[in-house]
Amino acid sequence: MLASANNTESKNSKLEYAGKEHAVAILSESGNYRFTLYSKSVPIPLKRIHSWILKIEDKSGEPVSQAKLFVNGGMPAHRHGFPTKPVIKKYLGNGEYLVEGIKFTMPGFWEMRFTMNVNRQRERAIFKITLH
Amino acid sequence: MRKRVLTTFSGIVIFLCTGIVFTQANDAVAWNEAERASISRLSIHALGESPELKVNRVAKDAKAAELGHHLFFDTRLSINGKVACASCHLPEKYFTDGRKTAKGINSVNRNAPTVVGINHSNWLFLDGRTDSLWSQAMQPLENEHEHGTNRSHVVHVVYKDKKLHQLYEASFGAMPDLLNKARFPEQAGPVKDRAASYAWQNMKKSDQEIITGIFVNLAKAIAAYELKLNPSPARFDHFAQALEKNEAKAAEILNKQERAGLKLFLNKGKCNICHNGPMFSDFSFHNIATPQLNAKKYDWGRYKGVNKLLRSKFNCRSQYNDDPEKNCDEIKYIIRKREHTIGLFRTPSLRNITKTAPYMHAGQYKTLKEVIDHYVDPPKTLVGTSDLIPFPIDLTKQEKQQLEAFLGTLDSDIDAAQKWLTSPH
Chain A
0 MLASANNTES KNSKLEYAGK EHAVAILSES GNYRFTLYSK SVPIPLKRIH
50 SWILKIEDKS GEPVSQAKLF VNGGMPAHRH GFPTKPVIKK YLGNGEYLVE
100 GIKFTMPGFW EMRFTMNVNR QRERAIFKIT LH
Chain B
0 MRKRVLTTFS GIVIFLCTGI VFTQANDAVA WNEAERASIS RLSIHALGES
50 PELKVNRVAK DAKAAELGHH LFFDTRLSIN GKVACASCHL PEKYFTDGRK
100 TAKGINSVNR NAPTVVGINH SNWLFLDGRT DSLWSQAMQP LENEHEHGTN
150 RSHVVHVVYK DKKLHQLYEA SFGAMPDLLN KARFPEQAGP VKDRAASYAW
200 QNMKKSDQEI ITGIFVNLAK AIAAYELKLN PSPARFDHFA QALEKNEAKA
250 AEILNKQERA GLKLFLNKGK CNICHNGPMF SDFSFHNIAT PQLNAKKYDW
300 GRYKGVNKLL RSKFNCRSQY NDDPEKNCDE IKYIIRKREH TIGLFRTPSL
350 RNITKTAPYM HAGQYKTLKE VIDHYVDPPK TLVGTSDLIP FPIDLTKQEK
400 QQLEAFLGTL DSDIDAAQKW LTSPH
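If you read the protein sequences in the order shown, they are chains A and B. The first sequence begins at 0 in numbering that gives the first Met the number 0 and counts up by one. The second sequence begins at 0 in numbering that gives the first Met the number 0 and counts up by one.
It cannot be assumed that every hint is accurate.
Just the calculated beta-carbon pair ranges, DEER-fashion [stated by the list, open to error]:
1. A:Leu97 <-> B:Ser231: 42 to 48 Å
2. B:Thr384 <-> A:Pro62: 37 to 43 Å
3. B:Asn201 <-> A:Ser40: 49 to 55 Å
4. A:Arg47 <-> B:Lys81: 41 to 47 Å
5. A:Gly80 <-> B:Glu369: 28 to 34 Å
6. A:Lys67 <-> B:Gln200: 43 to 49 Å
7. A:Lys39 <-> B:Lys418: 44 to 50 Å
8. A:Pro62 <-> B:Gln200: 54 to 60 Å
9. A:Lys13 <-> B:His144: 47 to 53 Å
10. B:Asp412 <-> A:Phe108: 35 to 41 Å
Don't read these hints as lab results, they were simulated from the structure. All C-beta atoms, glycine included, are put in the ideal place defined by N, C-alpha and C.
Same shape as in the complex, but just chain A (with noise of 0.2 Å):
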C-alpha cells in the first residue's frame, strides 16, 4: 500500500509494518522513488535488535539495485537517535536490503530515516513509526 505521497502521518494502525503484508510504502522527498518498509520480526518487539527490509523502485517500478544507504532515527519528541548503530550492508535482490540493528527502547512515535546516494543525488524518505 502506498500510505502517503511524501512523508505525511502514518495511519497509527498496530499493524502498520509488521511483516511484509503490513508494509507501509511512501515517497521519498524528491517523489522520484518508492520506498517500502516492515519489520522482519511480528510483532516489532521492544528491547531487542532486530532486522527489517527497505525496498526501493524507481517511479516506473522498477527495482533500484545496489545503492549506496543510511539509516538513523529515534524519538524526536525524545530527542534521542536509536540506542543502536543500525546499518545496511546486505542487498537482497529485487530492490530488497536488509536494515540490520534496530532496537527500539520503548513504546511511542519513533523514526526512521533512510539517505539514499543515487546519480550523486541524495534521496531521503522518513518512516513515521508508533509503537504501542
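Once you've looked at the hints, dock chain B against the given chain A.
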C-alpha cells in the same frame, strides 16, 4: 419532628455517600488510556527473563548459587583479607554501601550501585563495560582499588577450602590438581601488581587457561547467587494490578499525593522517558549533566565503557559465553562515537530508590529532593551534551513533593529467602 431529623440525617448520609462516589469517580477517570498502558508496562509483573540465563550455564544451579553466596561474603578474596563483594554491597543497605563513592582497598570514583534486580540489565557497571553478570563479577576482584587480588589467589582460596571445593565440583566437575606451585603460583594474574603480573607472564598459556577457566566459573557462581536477588512487588505494583480490574480499589492502595506523583512521573516530570519498563530503567545510557566529582579529571562514562567492553576477553563474543547461539548483536551494533557516548551513565532502577542514597554515578546528591531539584534546574554539563536540554521540567514545590512521595511507593522487600540476605560464614 423526629421524622424531619431523620430525613435531614438521611440527606447528610446521601450527601456523604455521593461525595465518596464522586471522589471515586474522579479517580476512575484520572487515568487515560496512554497512562494506563504506561503503568501496566512499569509493573513488576511485566518483568521478563534475565539475559544472564542464556549466557551462564549455572545461572539456575542451586549449588552454584550456594558457592556464589559464600564467595560474595568472603573477605579472603582480597589482597588484605578485609574486602568482600558484600563490603560495598551490604544486604542491610539494599546491597549498596551508603557512601558517595565506594571504598575497597582504596577509594574508587563511582557510587556502588545495588545488585538487586541488576540481572535484568544487558549492561553492567555504570558505564556498561561488561555485558553479562558473570563477567562483571570478575573485574572488582582484580581491580587494584577494589579487592586488589588476582585470579590465581581466588582460585587457590577455593581449591584449599574443603566446602568451597566441594561446591565447585558439584557444579563444574572435578577441579584440576593445582598443587604444583611452579606451574600454578598462588599469586598470579594479568593485574597491576608487579609480582603477580610477572608470575602470570611466566606461566604456560595452557596453565593460564586452566586458572582463567576456573576463575570464570567462580564468577558465574557469584552471578548465580546475584540472580536470587530481585525486588518483591511494591505498593505501586499492587496499584497497577488493581487498576486493571477495580479502579476504586486501586485508589485505596496509593494515597492522593502518591497518585499525583505518578501522574507527574508519566507526564509533566518526563521521568518515564528513561525510567521505563518493570525495573523503572531503560538500562540504557544518558548524559544528565551531573556535576563532575573532580573538575580536573572528568569521568567520561560510557565512552570509556564501550572501549573497555570491546577490548575485553570476556565479552559476549568470548569463548566463555555459554550461549551456543552467541547472539552478540548488542556489540555488533554498539554506538562508539565519542560525541554520542561521552559523559553517559546507565539509568538506575528506581525500585527501592529510597534505600540507596546517595544518588548519581558518584553519589553527588544526598537526597531524592536534591535529585529532583537537579532535573528541574540542571547545571551546565561539563562533558558531552546533556540529554536534559530538550526537556525543561517545571515543577512546583508541591509537585516535587508529590513526585518524591510516588517514588516511595516503589519500596519493597527483596524477593529472596532470608538465608541469601545474610553472610553464610
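For each hint, the structure was consulted:
| no. | hint | in the structure |
| --- | --- | --- |
| 1 | A:Leu97 <-> B:Ser231: 42 to 48 Å | 43 Å, holds |
| 2 | B:Thr384 <-> A:Pro62: 37 to 43 Å | 40 Å, holds |
| 3 | B:Asn201 <-> A:Ser40: 49 to 55 Å | 51 Å, holds |
| 4 | A:Arg47 <-> B:Lys81: 41 to 47 Å | 42 Å, holds |
| 5 | A:Gly80 <-> B:Glu369: 28 to 34 Å | 30 Å, holds |
| 6 | A:Lys67 <-> B:Gln200: 43 to 49 Å | 47 Å, holds |
| 7 | A:Lys39 <-> B:Lys418: 44 to 50 Å | 46 Å, holds |
| 8 | A:Pro62 <-> B:Gln200: 54 to 60 Å | 58 Å, holds |
| 9 | A:Lys13 <-> B:His144: 47 to 53 Å | 51 Å, holds |
| 10 | B:Asp412 <-> A:Phe108: 35 to 41 Å | 37 Å, holds |
Checked against the numbered hints given earlier, this structure breaks none of them.
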